[in-house]
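Trainee: So the chains spell out like this:
Protein chains: 2
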Amino acid sequence: MEKTFDLADIEALERFYRVNFITKLCGINNANLIGTTDENGTSNLAIFNSVTHIGANPPFMGFIQRPLTVPRQTYDNIKRSRFFTINQVNNSFFKKAHQTSAKYEKGVSEFEACQLTEQKVDDFPVPFVQESFVKIGLSFEEEHLIKCNQNILVIGKIQKVIISENLIDEDGSILLEKANTTGVAGLNTYFEISQIGKMKFARP
Amino acid sequence: MEKTFDLADIEALERFYRVNFITKLCGINNANLIGTTDENGTSNLAIFNSVTHIGANPPFMGFIQRPLTVPRQTYDNIKRSRFFTINQVNNSFFKKAHQTSAKYEKGVSEFEACQLTEQKVDDFPVPFVQESFVKIGLSFEEEHLIKCNQNILVIGKIQKVIISENLIDEDGSILLEKANTTGVAGLNTYFEISQIGKMKFARP
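If you read the sequences in order, they're chains S and A. Under the numbering used here, think of the first position of the first sequence as 7, with each following residue one higher. Under the numbering used here, think of the first position of the second sequence as 7, with each following residue one higher.
Just chain S, same shape as in the assembly (with noise of 0.2 Å):
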């Protein structure tokens, strides 16, 4: 049987509720570290949900910041030092990664406190997640404020991929499954992952 919630609808109901149901609504997205560097040279580790691809060539991804009304120190980090990493959450160290969402103060390292690894690349000046399979550095490249409830878009240059190299299949496709990716929906719930389809390019 079929509900239909109006605006009005949504509007009254509890903040919570509202919050699971609205979150969901977009269904499954990635899990993903972002990793910065704050102006003391401590690390910082946030988990979001809403890592997007904007561009193969060149390489953009991009992500969803909330409002600037209390501090955010990936956001603040990003733009000071201009770089940052993009770490897949992968099924192994979900609840670890879960974690970094607790509100720990600044000059504590959520790689520390949540017992994940810092791996220094060449010399990217921003920690990548050791535990991860699929780690992403990048350059600050743009953002924009979302003008109808002040969130950011912000959007990174790929300058650096490391990868296991058996993930990686014969046409460049990245092996999800095997690589155990991680899924979460909405702030709360995760999933595992099963392939069913690699469809070929459609035509009429």
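Any given hint could be a false lead.
The list makes no distinction among identical chains, and a pair is therefore deemed to hold if it is satisfied within one copy or across any two copies.
Capping the alpha-carbon separation at 30 Å, the derived lysine-lysine pairs in DSSO-like fashion look like this [said to hold, decoys possible]:
#, residue 1, residue 2
1, LYS184, LYS206
2, LYS9, LYS204
3, LYS9, LYS206
4, LYS163, LYS204
5, LYS184, LYS101
6, LYS9, LYS163
7, LYS126, LYS85
8, LYS85, LYS163
9, LYS102, LYS9
10, LYS153, LYS112
11, LYS206, LYS112
12, LYS102, LYS206
13, LYS101, LYS9
14, LYS184, LYS102
15, LYS163, LYS153
16, LYS112, LYS204
17, LYS206, LYS109
18, LYS9, LYS85
19, LYS109, LYS204
20, LYS204, LYS184
21, LYS85, LYS153
22, LYS112, LYS163
23, LYS126, LYS101
Hints were generated in silico from the structure; no laboratory data involved.
Place chain A on chain S using the hints.
Mentor: Leaving out everything else, chain A in the frame of chain S:
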């Protein structure tokens, strides 16, 4: 064994290999069908892998539209009519949903061409996909031209949600595994999902 790709290595990849590689770096996303109607009343339906939660209160969702260097019926229809629908793809019809990515001429409805069913709800001016279990009707809210590659972030305000009643959990969460929600990576690889954890709000 880990392999590192620098930007120059990525730029040197063969074109299709690079697309397969870069589009899967953000991991898995939900497959969603966006429905619109053109100025002659012909319905349009197109699959997107970039639908993102923008805000819960007021409720907003967005997606990334590729550049307007070729005709983009979804975008043109949204800008003209100011309304669109987002319909979660599920495993029972993901192949039909993929087929909407073929280049059908203007005047051809992908609903008919791909054997999906239009569903009108109340007086909402754009059709939903009957086969979908989670359907959202939105009004155009704002857009942002992404300077680095001319993509566009399109944001809509949620006006209506149509959902199977048995897919809403006690706390408002949508039960995505029960809904057989389909994940997608890049342009061609589809996944089913299995819940592995529902976590509590994290505290330090």
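Trainee: Classify it for me, LYS9 with LYS163: is the Cα-Cα distance of at most 30 Å met within a copy, between copies, both or neither?
Mentor: For LYS9 and LYS163, only the inter-copy Cα distance (19 Å) is at most 30 Å; the intra-copy one is 42 Å.
Trainee: For LYS153 vs LYS112, is the C-alpha pair at or below 30 Å within one copy, between two copies, both, or neither?
Mentor: within (28 Å within a copy, 33 Å between copies)
Trainee: When no copy is specified for LYS102 and LYS9, does a C-alpha distance of 30 Å or less occur within a copy, between copies, both, or neither?
Mentor: Answer is between; shortest inter-copy Cα gap is 25 Å, intra-copy 37 Å.
Trainee: My question is about LYS9 and LYS85: at a cut-off of 30 Å on alpha-carbon distance, are they close within one copy, between copies, both, or neither?
Mentor: between (44 Å within a copy, 28 Å between copies)
Trainee: Checking an output row: LYS85 and LYS153, CA cutoff 30 Å. Within, between, both or neither?
Mentor: both (20 Å within a copy, 18 Å between copies)
Trainee: Have a look at LYS126 and LYS85 and pick one of within, between, both or neither, based on CA distance no larger than 30 Å.
Mentor: Intra 20 Å, inter 46 Å, cutoff 30 Å: intra-copy only.
Trainee: Please work out whether the CA atoms of LYS204 and LYS184 approach to 30 Å or closer within one copy, between two copies, in both situations, or in neither?
Mentor: both (14 Å within a copy, 22 Å between copies)
Trainee: Quick one: LYS163 to LYS153, C-alpha cut-off 30 Å, is that within a copy, between copies, both, or neither?
Mentor: Both. Shortest intra-copy (24 Å) and inter-copy (12 Å) distances satisfy the 30 Å Cα cut-off.
Trainee: First find the shortest C-alpha distance between LYS112 and LYS204 inside one copy, then the shortest across copies, and answer within, between, both or neither for a cut-off of 30 Å.
Mentor: Cα proximity of LYS112 and LYS204: across copies only (27 Å, versus 44 Å in one copy).
Trainee: Evaluate LYS184 and LYS102 at a C-alpha cut-off of 30 Å and name the case that applies: within, between, both or neither.
Mentor: Cα proximity of LYS184 and LYS102: in one copy and across copies (20 Å, 26 Å).
Trainee: For LYS109 and LYS204, with the copy left unspecified, which applies at a CA distance of at most 30 Å: within, between, both, or neither?
Mentor: Answer is between: at 19 Å across copies they meet the 30 Å cutoff, but 40 Å inside does not.
Trainee: Reference check for the pair LYS85 and LYS163, CA-CA at most 30 Å: within, between, both, or neither?
Mentor: both (14 Å within a copy, 29 Å between copies)
When the structure is compared with the earlier hints, no violation turns up for any of them.
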